[in-house]
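*Asks:* Sequence:
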Amino acid sequence: MAIFKQRKSDTGQTKAKMKGLTVKDLLIPGLFGLILLLLTLFVYVPSITEANKLRGEIKDVQQRQKLLRDNLDALQPLIDDKVQLQKDLRKTQKIIPRQLEVADFSYYVDKLARDSGLEFKEITQANTSKSTDEQGAASGQNFGSYVSGITGPIVYEGSFSQIVEFLDQLQQKSPYMIQATNLELSGKDTTETGRITSDLWLIELNITGYFINQEADVSLADITNKIVPYTKNSDLLTIFEYKNTILESTE
1 MAIFKQRKSD TGQTKAKMKG LTVKDLLIPG LFGLILLLLT LFVYVPSITE ANKLRGEIKD
61 VQQRQKLLRD NLDALQPLID DKVQLQKDLR KTQKIIPRQL EVADFSYYVD KLARDSGLEF
121 KEITQANTSK STDEQGAASG QNFGSYVSGI TGPIVYEGSF SQIVEFLDQL QQKSPYMIQA
181 TNLELSGKDT TETGRITSDL WLIELNITGY FINQEADVSL ADITNKIVPY TKNSDLLTIF
241 EYKNTILEST E
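If you're matching positions, the sequence shown starts at 1 in our numbering and goes up one per residue.
Keep in mind that the hints were calculated from the coordinates and are not lab data. All figures in this text were calculated on a predicted structure; none of them were measured in a lab. Idealized CB from N, CA, C, for every residue including glycine. One or more hints might be untrue.
Now the in silico label distances, taken between C-beta atoms and shown as ranges [what the hints assert, rightly or not]:
(1) Leu205 - Gln63: 42 to 50 angstroms
(2) Glu50 - Gln93: 47 to 55 angstroms
(3) Leu205 - Asn233: 20 to 28 angstroms
(4) Tyr230 - Leu67: 14 to 22 angstroms
Assemble the whole structure, with the sequences as input and the hints as a guide.
*Replies:* Here is the structure:
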């Protein structure tokens, strides 16, 4: 009975204390809770977000640093062998001129066709003001914004063997970098059934001669992209060497 009376007395005291609590007694814990909530919303959450953002930026910087180191390693052999680099540069400057006039290029192509025995039908070259990025992409090559071209359709007439000779001279013997696309070959004299009655053919194609775009800013290379040394393109080096030999033989 004494224990029961003691517990009853403690319960009564607790109830008395709870009845004695006022708004002031609850104000301080409430303020602490509000401050903690504000700190969470305006300090901790932004800090965590900023930390994640910085972590992503650090990762991006590390990737760029690795790319720059890889680019430097790729270019180091060229830096070490400056003599060969200068030789290749001189060959390129001969094959891809800094200036190529429409009249000169048209005359060159026309002379090449006539020397092969073809008869002129149409030639309309125009100096392109844009870079050859789209043309390069179409042919599986990337010429860059620093290369432009004189391009346009040409139409000639001749025998099949003369046309083959012209195309061979154009692609293999020309000292310049020339690209022929959209080639169409059709018989000049045909019957209603499409039967060819003579050895005369019409050849239509688009032809482009490349030159360095002097208006492009070639001093600023984009080193944030992967750099592949030109020496890795053995086919291109072979073409440059061959065309340079042709130029030297005609000088």
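*Asks:* Hint by hint, note whether the structure agrees.
*Replies:* Verification of the supplied hints:
1. Leu205 - Gln63: 42 to 50 angstroms: holds, 45 angstroms
2. Glu50 - Gln93: 47 to 55 angstroms: Given a distance of about 51 angstroms, which is inside 47 to 55 angstroms, the answer is holds.
3. Leu205 - Asn233: 20 to 28 angstroms: The hint (20 to 28 angstroms, Cβ to Cβ) holds, given that Leu205 and Asn233 are roughly 25 angstroms apart.
4. Tyr230 - Leu67: 14 to 22 angstroms: holds, 19 angstroms
When each numbered hint is compared with the structure, no violation occurs for any of them.
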